[in-house]
Structure formats: C-alpha cells, structure tokens
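For the protein sequence lines, the chains are A and B, in the order given.
Mapping of the first sequence onto the numbering used here: residues 1 to 208, in sequence order.
Mapping of the second sequence onto the numbering used here: residues 1 to 252, in sequence order.
Take these hints with a grain of salt, some might be off.
[Stated by the list, open to error] Listing some non-contacts, in silico: residues in chain A with all C-beta distances to chain B over 12 Å:
1) V28
2) D35
3) D43
4) D68
5) T69
6) I75
7) E100
8) K102
9) A105
10) Q134
11) I143
12) I158
13) S163
14) N183
15) K207
[Stated by the list, open to error] Derived Cβ-Cβ restraints for the label pairs, each shown as a range:
16) A:K162 x B:K119: 33 to 39 Å
17) A:K113 x B:E233: 40 to 46 Å
18) B:G151 x A:D68: 53 to 59 Å
19) B:E233 x A:K71: 52 to 58 Å
20) B:K71 x A:M1: 19 to 25 Å
21) A:K102 x B:L94: 25 to 31 Å
Keep in mind that the hints were calculated from the coordinates and are not lab data.
Remember, predicted model here, so these are calculated numbers, not experimental data.
Ideal Cβ positions, reconstructed from N, Cα and C, are used throughout, including at glycine.
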Amino acid sequence: MNVTIVDYQSGNISSVINSFTEVGKGKVNLEVTSDINKIRSSDKIVLPGQGSFKSCVDSLNRISGLVDTLKDFAITNKKPLLGICVGLQMFADIGYEEEETKGLAWISGKVSKIDNQQGKFKLPHIGWNEIEIQKESKIFKDIKNKSHMYFVHSYEFIPKDKSVISATADYSSKIVCAVEKDNLFGTQFHPEKSDKIGLKIIDNFLKL
Amino acid sequence: MLKNRIIPCLDVKDGRVVKGINFVELKDAGDPVEQAKIYSDGGADEICFLDITASNENRETIIDIVRKTAKECFVPLTVGGGVRTIQNITDLLLAGADKVSINTAAVKNAEFVKEASKKFGSQCIVVAIDAKKVSDNKWEVFTHGGRNKTGIGAVEFAKKVEENGAGEILLTSMDKDGTKSGYDVDLLKTITNNTNIPVIASGGVGTLDHLYDGIVKGGASAVLAASIFHYGEYKIKDVKEYLNSKNVSVRL
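All chains, full assembly: derive it from the sequences and hints.
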C-alpha cells in the first residue's frame with residue numbers, strides 16, 4: 001500500500017512522519033511529498049497542518065494543481081484521507097484565523113476561535129483531553145471512549161451537519177475533535193503525539 | 001476535561017543528562033534518549049530537553065539527540081537552550097521537536113517571538129522566563145541561566161510574550177531552582193492570573209506536594225520537574241496516582 005503524507009511546506013510535520021514510519025514499518029510504502037503524480041497514485045493520504053488556517057490554505061494553493069489533485073482523490077475518487085489538526089480544519093468552507101479565508105469546502109462548516117468565556121479557559125487548548133466518542137468511526141476501532149489525546153489549538157471546526165462528528169472533547173464547550181464522512185477522516189487532536197493510543201488510531205487508518 | 005500535565009525535564013550537557021543544583025554543581029546521570037524513552041513509557045505527558053551548554057557550543061549534539069528521541073517517543077517533545085534564530089528553530093523542528101523554548105533571545109529581542117510564532121505557529125513557541133524575586137510581590141527577568149539581571153518585570157514580560165504570540169510560558173523561579181523547597185507559588189499565581197496562555201511551573205520541586213501546590217495554588221497548567229524523577233525518587237506513575245488521589249485531574 002502506498003501512503004502519502006502531503007508535505008506542502010507548512011509547519012512541522014516531523015512527528016507525523018516519525019509516527020507513520022513507526023506504525024507502518026514493513027507494511028506500507030510511505031512517501032512524504034507534494035508531487036501531484038505521486039499523490040494521485042497513492043492509496044491513502046495524510047494531510048497534516050500546523051500554524052494558522054490561512055497560512056496552511058495559502059501553502060496548499062501555492063503548489064500548482066495540489067488542491068485539485070487532493071479533491072479528485074478525496075471527493076471524486078473517494079479514497080481515504082486523514083486530516084490532522086489544521087489538516088482537518090481545512091475541510092471546512094471557511095476559516096476566521098488571521099483573516100477570513102476560504103477552505104477546501106469538503107465538509108460544510110466553519111473554523112472559528114474557541115470561546116474561552118472571557119479568559120476563563122486558557123488558549124491555546126494545550127494538553128491531554130478525553131475524547132467522547134459520538135459515533136462509530138473506523139479509525140476508533142479498539143479505542144475506548146474517554147481515551148486521552150493530545151491537543152494544541154485555539155480554533156475549532158464547526159460542521160453544519162452534526163452527523164459527521166465522530167468525537168468531541170470538553171473544553172469550554174463540546175469541541176469537535178474528530179469527524180468521519182465517508183472516506184474522509186479528521187482529528188483535531190494529534191494522534192502522532194498521543195502515545196500508544198494515538199498510534200493505534202494511525203494503525204486503524206492504515207488498515208482501512 | 002483537560003488534564004494537568006506532568007513534564008519531566010532532562011538537562012543535557014555534551015550529550016549527557018545532568019541536573020544542576022542552582023545551575024552550578026553538575027552531576028552526570030545518563031543517556032538522554034534512553035531516559036526520555038523511560039519517561040514516555042512511564043506516562044510522562046511531555047518530555048522537555050534543556051540544552052544547558054547550547055549557548056556556547058555546537059548544536060549538532062542536541063539535534064542528534066532530538067532526532068533519536070523523536071523516533072522512539074510519541075509524546076510531545078520540547079527543546080530549549082540556545083534557541084536564538086529562526087534557523088535554530090527550523091533545525092530542531094526538522095529533527096522532530098514539537099515545541100521549542102526560547103529564553104534569552106526573547107528578552108533581547110521581543111520581535112523574535114513574534115516572528116517565530118508567525119512562522120511556525122504559536123503551538124510550538126514556548127517562552128522560558130527565569131524570574132527572581134526583587135522585593136515583595138515583585139519579580140524580575142534574568143537571562144543566561146540566572147546570571148544576568150535585565151531590569152524587566154516578570155509580569156510585564158509575560159504579558160508581552162503572550163501578546164507576541166507565545167503559546168505557553170515556562171516559568172522558572174531562580175530563587176527556588178535546585179533547592180527542592182517547592183515552587184515559588186506567589187510568582188506562579190501572579191503570572192497565571194495576569195496571562196491567558198498556559199503556564200508551566202518549574203524550579204524547586206522536592207516532594208509530591210510541591211507539584212500539587214504548583215497546580216492547585218499556583219494555577220499552573222503543567223508542572224515540570226527534573227531531579228525528583230531523575231534520581232528515581234519518584235516515578236511519573238507515583239506522581240499521577242498521588243495527584244489523582246488529591247482530586248487533581250491527570251492522564252492515568
């Protein structure tokens with residue numbers, strides 16, 4: 001199986017590479033690239049994302065043909081894609097970090113700042129929080145409800161259609177922390193930094 | 001709910017782990033990669049490396065340690081010590097660090113924190129503040145491992161780095177560091193009350209109660225300690241079980 005981690009020159013993806021290398025050892029052929037031909041011929045895609053919504057979207061757009069190739073892959077051909085952190089957020093129609101920015105519009109919704117209730121909750125939301133599983137998701141196979149995952153973010157994805165939500169985390173409100181819609185998977189938390197349980201999610205994705 | 005983090009810190013010099021008593025007397029006790037792995041397997045919520053000689057010597061050693069550790073530990077890894085340029089940050093992140101901690105360079109040039117958080121995102125920029133008490137309820141920022149006085153108030157500086165995009169503050173009391181007499185809880189309380197980003201408490205832990213105080217009395221989001229873990233006095237598990245028994249929520 002060919003798995004591609006999309007390297008679009010935005011943020012630090014070393015941990016994503018390390019964790020997928022560890023879990024996929026001897027099982028998958030892992031590529032880290034923005035080469036659209038390689039992406040096209042992959043079986044699965046991982047879309048990481050660090051930094052702001054705007055900077056990630058801008059970086060994707062900077063690589064000619066990348067957004068269309070990803071769309072063909074995930075929407076037209078319905079092949080498995082996992083978005084992590086801002087990688088998930090970019091599924092939305094629109095984001096409000098830095099300035100209003102159009103997203104990939106794969107899952108209708110918006111990305112806005114977590115309401116910290118006038119400073120009652122510190123932002124960024126950094127650390128280990130329990131996930132509350134909202135629906136069965138293929139990447140949560142053998143993952144117990146209330147498992148701890150590592151988060152670091154100040155913005156949250158608010159999808160229009162709540163049925164895509166596969167898990168939430170409690171921080172100021174119920175934050176959407178995982179989605180599944182057909183072949184599209186996304187986690188707001190970082191499975192690559194969430195110890196053995198996070199690696200299990202990666203393993204589940206690789207086994208799809 | 002969000003759990004309070006327990007962060008073991010490994011002070012690294014010339015590729016080996018040491019722990020300074022008031023930053024002077026150093027004892028050698030092990031290989032950093034191996035230590036980090038033990039902590040991560042033991043339930044550490046994050047690992048912190050502090051390169052205490054990075055200011056003057058070549059940086060390849062710590063980068064190599066980070067690279068090896070990141071391949072074995074799948075919890076967040078923060079690296080500090082001698083982080084002065086955008087290139088330093090790039091090198092550490094590429095080696096596998098998740099966050100970098102900036103100390104002296106943040107004091108020297110406030111724009112550096114702004115530039116770094118803009119380029120890499122606030123999530124990976126920690127500003128390490130070394131503070132020393134100068135009078136009642138007044139603390140000042142020190143640099144160079146506590147040697148240089150800056151004349152800058154700690155509260156004012158903490159607010160400034162938050163404004164400039166720091167994602168977290170790693171707050172060390174220079175009066176308490178290495179003394180094992182507990183965190184400077186008043187300092188912690190003052191900084192956590194005056195900022196809206198998470199604060200990591202550091203400097204002075206000798207007992208489990210000190211960690212409790214840092215979180216409950218000081219308002220810290222995370223507690224960092226070195227020697228109590230390093231010399232095997234306590235395991236991460238002991239800390240977590242203790243805090244949990246006192247109704248402090250931790251990842252078990």
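Going through the hints against the structure:
no., hint, in the structure
1, V28, "17 Å, holds"
2, D35, "20 Å, holds"
3, D43, "23 Å, holds"
4, D68, "26 Å, holds"
5, T69, "25 Å, holds"
6, I75, "27 Å, holds"
7, E100, "18 Å, holds"
8, K102, "20 Å, holds"
9, A105, "23 Å, holds"
10, Q134, "17 Å, holds"
11, I143, "15 Å, holds"
12, I158, "19 Å, holds"
13, S163, "25 Å, holds"
14, N183, "26 Å, holds"
15, K207, "18 Å, holds"
16, A:K162 x B:K119: 33 to 39 Å, "35 Å, holds"
17, A:K113 x B:E233: 40 to 46 Å, "42 Å, holds"
18, B:G151 x A:D68: 53 to 59 Å, "56 Å, holds"
19, B:E233 x A:K71: 52 to 58 Å, "55 Å, holds"
20, B:K71 x A:M1: 19 to 25 Å, "22 Å, holds"
21, A:K102 x B:L94: 25 to 31 Å, "30 Å, holds"
Of the numbered hints stated above, none is contradicted by the structure.
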